[in-house]
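Please arrange chain R on chain G, whose structure you already have, making use of the hints.
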Amino acid sequence: MTGILILLALTVVISVMLYNSRSATPEQEKLVDTVDALLPQTQCGKCGYPGCKPYAEAIVSNRADINQCPPGGRNTIRQLANLLGREIKDLNPAHGKAGPKMIAFIDEDICIGCVKCIQACPVDAIVGAPKQMHTVITQACTGCELCVAPCPVDCISMLVFVQGGRRVKLDPVMRTSP
Amino acid sequence: MTRELHPFPGGLQIPPHKELSNAKKSLITPLPDSIILPLQQHIGTPAVPLVKSGDKVLKGQLIARANGYVSVPLHASTSGKIIDIGNYTVPDPLGLKAPCIVIEPDGDDVWFEIKPTHDYTSIEPQALQDVIREAGIAGLGGAGFPAHVKLREGTESAVDTLIINAVECEPFISCDDRLIREKPGYVINGARMIRHAIQAKHCVIALEADMPEAYAALKELIDDDIELIQLPAKYPQGGERQLILALTGKEVPSGGLPIHMGIVMHNAATAAAAFRAVTRGEPLISRYITVSGEVNDPRNLQVLLGTPVKHCADQCGYEEKEGQVIILGGPMMGMFVNNMHMPVIKTTNCVLVTSTYNQSPEMPCIRCGQCVDVCPAELLPQQLYWHAHAKNYDRLRKYHLFDCIECGCCSYVCPSNIQLVQYYRKAKRQITQDERTRLSADHARERFMSRNQRLAREEQSHHNDLLAESDIDEKDKQAFIQAAVERTRTKRAQLSNHENANDDEK
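Each protein sequence line maps, in turn, to chains G and R. According to my numbering, the first sequence is numbered sequentially starting from 1. According to my numbering, the second sequence is numbered sequentially starting from 1.
No incorrect hints appear here.
Calculated lysine to aspartate or glutamate pairs in the EDC-like style (CA-CA distance at most 16 Å, straight line):
1. K201/R with D223/R
2. K219/R with E182/R
3. K116/G with E145/G
4. K56/R with D106/R
5. K53/G with E446/R
6. K101/G with D434/R
7. K53/G with D442/R
8. K25/R with D297/R
9. K428/R with E406/R
Simulated restraints on C-beta separations:
10. N338/R with R74/G: 26 to 32 Å
11. D65/G with A468/R: 42 to 48 Å
12. N67/R with D107/G: 22 to 28 Å
13. R78/G with P9/R: 37 to 43 Å
14. D154/G with L50/R: 29 to 35 Å
In case anyone wonders, no lab produced these hints; they're calculated from the structure. Cβ coordinates follow ideal geometry from the N, Cα and C atoms, glycine included.
Isolated chain G (complex conformation) (with noise of 0.2 Å):
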């Protein structure tokens, strides 16, 4: 008899923390939407998770460490460190290096409208048709740098955002080779 109380009890316990583990509690969704709103949004998946909420998952259910985005840098780590209750550390730099925020820009001379950028776009920043030129919506675009490797012919590089007192503005001449 006490056996199969036993065994009972095992299965209750058991059942519990298989449905735990399967979806994650309110409070742990909470957190994640914490999380998430201080990560940039680039969806660059630099941090080898497929956009920004996922790497909040990541961190949320330890999986990921808080130094992981790129773009976010120091100010990212900080901010993370400060919520989380951990010890602030450098960027990992095998996730890459921080820097300014960037611009996508399409040279449309060279385009030929083979659409690869707009389906690498993780945030349909760009518009265009097959065979049509595509240009990119500047406001939109996150500078996760995506775009860049599919494009055949080479046509997009990435522009130094330029963002001071009240202007805005793109500055041509601090191109970058992609």
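Then chain R, alone, in the frame of chain G:
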């Protein structure tokens, strides 16, 4: 009717130093070698160039159009050739470069065709606003808010009082004083015209008590329709909120606008420029500026917009000396600049050369509370300082950082030489930038999520299509696969037979 005046809280009595420049007649500045016109000389979006390098333009010709509602167009200040459209140093607290159109004057100064309207009352108020907008009028007081936006707000709600601000409360600056003394008709008629444009019930021209000549010049020309009010000289009496409080006894609420209280305020020079634009058809291409401080001949100048600051200073006998600094604007609110290459723009009112500025090191705050006494916005400068220092932006908002008008009274009285207002400016800039970053991040998140949803939807419908197909042709499909298998089998058998035959031959 006499108006009861209400002194604003705080404020300072500062030596005015206006006598340096306000007695001399203004000088029309000779043409410089180049005219540099920034596309943004106002609050809002920069203008969009309509000309290209190499084009010939005439004085007053439209060279850049307004981009959007809160924006004003730009006109050529003189006739000549466009030699470049590119980035040049502009008056900017961070010393940034910004896109400019550069004109090489041909020396003829030939006007473009202009369409004067002699009787402004014949124009509908709405149309009058468009004329003022087309003339590129932005507030000449210092902030550079597009004039037509204030006018439009004025027509959309009932306006009780139009206030023409001729209170030049910053030390050293006397350009409005000189303008009123030399062209009182423009100011008075400009006030009447704006009043017509916004259909205001009352019109007040306010100036400081230490401008008796300007007062006399205006007094001669006004009728009962305009009230002329002299206010005791106290800094910052010319601040929008402070002046409204002084004249009406009403306080503009935090985050509110004067228009919500039925008040519209324009600078005296803006009114004059608007009148000139309508009745003479001349767009805003020149303004009065004061060159004062440590120059041989401090005075006021009538300057074409785009004239390099150095050229203006040279007219007043400027000699470069060790230890001098150059301030654009007044000593309280102006910005320090490193060189004089930038042009005079619509909001430049003064070029001040001085070597007596506060260079003493900052000492710790001793909590004396003098800054609290002088703050005209009734804020707590000490608290703001602590929180700005600690980058505690939430607390700064709670302490109403954004109600700070950056008048600089707190920095002026601080016995520890703390440049309080610089901390506030920096914090404001940072908060605005963080806000902008946050908004664009939210935007990106939304776009990312909707893209993922769209991809999932597409995937699902593709999957559904496949399922549907397989349902319909289940039997056919089986037969098709069977046939293919059979085909391959026979082919293979044939091949192996063939190979065997080949082997046999060998």
